[in-house]
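Sequence order for the protein chains is A and B. Read the first sequence against this note's numbering and you will find it ends at 364, with the numbers running on by one and no gaps. Read the second sequence against this note's numbering and you will find it ends at 882, with the numbers running on by one and no gaps.
Hints are computed from structural coordinates only; laboratory data are not their basis. A virtual CB, placed ideally from N, CA and C, is assigned to each residue, including glycine. Among the hints, erroneous ones may be present.
Stated by the list, open to error - Here are a few chain A residues that face chain B, going by a calculated C-beta distance under 10 Å:
(1) R132
(2) F251
(3) E282
(4) L322
Stated by the list, open to error - Okay, the calculated beta carbon distance ranges per label pair:
(5) I199/A - W829/B: 43 to 49 Å
(6) A777/B - L312/A: 37 to 43 Å
(7) L562/B - L270/A: 47 to 53 Å
(8) L561/B - P85/A: 55 to 61 Å
Here's the letter readout for the chains.
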Amino acid sequence: MALLVAFALAAMVPVPPAAAEPVIVPFGRPVTVIVDGVVDPGEYVGSFTDPVTGVVVSWVHDDVNLSVGLVSPGTGWAGIGFGPEGVLMDGSNIIIGYVLGAVTVISDEYGVGLNHIADIGLGGRDDLLERAGSEASGKTTLEFRIPLDSGDAYDIALRTGKTFSLLLAYHDTADDLITLHTIASAGSFILERDPNRIPTRRASLGLDGLGEPREAANVTLVAQLLGDDSLPLALAVIDFFVNTSVGGGFLGAAETDAQGFARLNYTFLSPGPFRFVARFEGDLEYVPAEANTTLVAEGSPEPSVLSTSDLAVRALIFATLAGVASVYAFVVVQILLIRRISVAPRRTRGQRKGPKADRGGDT
Amino acid sequence: MAKIVVTHLEKSVMLPLVRPGRWYWALVGVLSAIVAWAAYAYTVQLQQGLVVTSMRDRISWGLYVSTFVFFIGISHAGTLVSAILRVTDANWRKPITRLAEAITVFALIVGASMVIIDLGRPDRLLYIAQFGRIESPILWDFTSITFYLTGSLLYLYLPLIPDLATLRDKMPVKARFRRWLYTRLAARWEGLPEQRRRLERALGAMAILIIPVAVSVHTVVSWIFGMTLRVGWHSTILGPYFVVGAIFSGVATLIIVMAGVRKLFHLEGIIKPIHFRNLGLMLLALDIVLLYFTLSEYLTAIYPGETQDVAWLTLLGSGQFAAMFWWMIIGGLIVPAVFVAVTRAKSVPAVVIAAILVNIGMWIERYLIVVPTMATPQTPSVIAPYWPSWVEWSVLAGAVAGFGLLLLAFCRFFPVISMWEVAEKAPTPLPEATPLPEPTPAEVAD
């Protein structure tokens with residue numbers, strides 16, 4: 002039964018169902034939100050009630066900042082998380098807080114595994130631009146404003162048109178930041194693009210590898226992002242991926258420099274073909290772009306990382322196979338000996354020709 | 437002319453060789469039709485290529501490889517029931533070892549053929565010899581399966597020798613082909629003490645050796661997946677997980693085959709409820725171990741919450757594979773355990789139903805190991821869609837039917853019970869010896 006519960010929990014742990022539609026965070030400019038701890042009717046452009054937790058989320062963004070009003074059906078802490086698509090808490094930007102009497106605590110935190118730690122505790126910054134809270138009629142209201150891209154390594158850069166995961170949780174009574182939630186849910190959201198600024202421009206992205214593609218050697222993956230005017234696009238994030246016969250995945254991300262170059266080092270652990278992909282997710286001006294290249298790594302003339310014990314491993318394999326084969330040979334010899342031990346007279350050549358030769362046996 | 441003396445045991449076991457009965461032929465007919473349909477589907481694939489399957493560049497391993505893993509798994513029946521119980525000198529195993537050993541051989545043949553079918557062009561099998569590298573788990577797999585098949589054939593043949601000699605001596609005179617066949621295969625066995633000593637030595641050596649060989653086979657099969665860096669595969673638990681799952685499905689298959697053979701050939705007096713009970717309890721123990729491994733594997737993956745792991749587990753837990761996943765957990769693991777535990781394995785039908793559920797669950801488990809991981813993208817992309825085509829389903833049906841057909845063919849030519857071993861345990865001579873009935877002319881024309 003415990004197993005069932007564990008699996009049920011695993012299935013319900015906040016991951017957005019595949020079919021769930023992301024919630025849209027509306028664009029609105031100028032922002033009329035006043036961060037005072039009270040969500041007034043019409044203050045935010047958009048709002049929705051989460052069907053799992055009952056938390057009412059009101060929000061709006063202006064391409065620069067995100068303003069959020071959170072009303073939880075409890076008097077304890079409430080929190081909201083913004084993360085990369087598909088993640089639980091790990092790597093999410095979590096804003097969590099509570100109201101205790103006249104004191105309102107709202108903290109900018111970062112998800113580490115299934116835990117969360119204040120950004121400043123990790124060497125980052127508290128990037129809340131404004132914050133306020135109130136408690137009334139058994140409900141807690143938290144309001145805050147954050148930059149879409151604070152530049153802090155412990156915040157997630159929110160971009161319009163891209164899907165992010167959304168976590169919502171609260172506690173009925175606990176006014177702290179550590180008690181496990183009463184209820185939590187997950188979903189996803191998309192920041193609405195400025196309807197007046199739909200990106201239509203097409204950037205060109207090139208990808209190449211610098212260095213000799215060889216087993217155990219490094220190459221530098223170099224992607225160059227140019228605008229449709231052939232000028233480099235700086236400070237754009239390029240994601241790098243690899244796909245090989247033994248698997249692969251996301252390698253890392255790098256920002257383009259003033260010349261539009263983003264670089265990432267990669268070490269070949271084995272010889273063979275490696276397909277690399279670079280991707281630019283797009284921005285307010287440009288639509289996403291993608292480039293790929295295949296590098297074929299030569300086998301290393303030097304002993305590779307894996308081949309230091311290669312000879313010993315080969316010897317062990319052949320010894321094992323020889324051992325098994327010798328036992329098989331021993332068994333075959335026993336069968337031949339069983340034939341030879343027989344006291345029955347051997348048949349003549351004429352008797353061995355076929356089924357018709359056996360006419361009676363021991364009858 | 438001396439009269440043939442046939443014991444009651446021999447008569448019970450040898451009768452199906454002469455008069456298998458109408459149900460036998462009906463079953464052969466049905467299975468042959470399925471195999472013929474699968475052969476047609478395969479010819480379509482050979483003519484048009486793998487494009488007739490649903491496999492594409494993103495999901496290049498699908499139903500065929502899942503079925504390969506499944507059949508390699510059930511080939512562990514012979515190892516566990518025959519070798520391990522022989523080494524531990526468990527007497528109750530004697531009436532069922534022959535079936536277990538036959539299952540091993542035929543499951544290996546069918547399993548290996550799935551890989552050839554998956555290649556699309558079977559001639560590419562030669563690439564293993566041409567371009568095989570010792571660093572590749574594919575070559576390890578090819579080697580270990582070849583060794584296991586060779587060993588399993590030897591291990592099937594060795595305890596057959598005394599029974600082949602019995603058949604050579606006691607088959608009806610008119611069955612000329614069979615008498616010729618058994619004479620050739622019986623290795624001039626006469627039951628001399630020295631012959632018995634040699635046989636016991638060979639059997640002892642094989643029984644000990646075949647266990648690590650079998651374990652290595654499924655470990656290496658798991659390494660084909662585990663040695664890659666793909667989500668859901670790159671896990672240290674995969675080796676033991678595969679081995680336990682293999683023995684689990686092997687025991688379940690043995691139970692199903694035992695029940696079928698027992699009913700078909702009226703062997704209720706030899707294959708008794710105690711055999712089902714013992715194997716049922718074994719099934720329960722393996723079920724619990726596999727549940728533990730399953731919990732360990734998925735909980736370890738989900739707890740850190742890494743993006744790719746979460747995407748993969750979402751596919752399983754609540755995504756497009758959720759129905760299969762939960763069927764596997766509940767229908768393939770929990771319900772069979774409850775069935776066996778509640779009845780304490782005393783009910784033969786309950787044990788057989790549990791075994792059928794286990795095998796369905798284990799096939800789904802193999803599918804869920806292969807396909808969702810392949811579907812999870814490694815570079816920016818959407819989840820790859822895959823649902824097997826009619827050609828793949830037909831080949832799967834043909835594989836299962838072919839496995840059954842091979843077993844039925846074996847039952848037609850060789851005794852499914854190890855007569856000499858059972859007789860050693862409890863000799864049951866008839867008060868008055870009766871000759872085996874002469875076959876009809878149609879039966880002789882084999």
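Numbered hints the structure breaks, given as an ascending list:
1, 6, 7, 8
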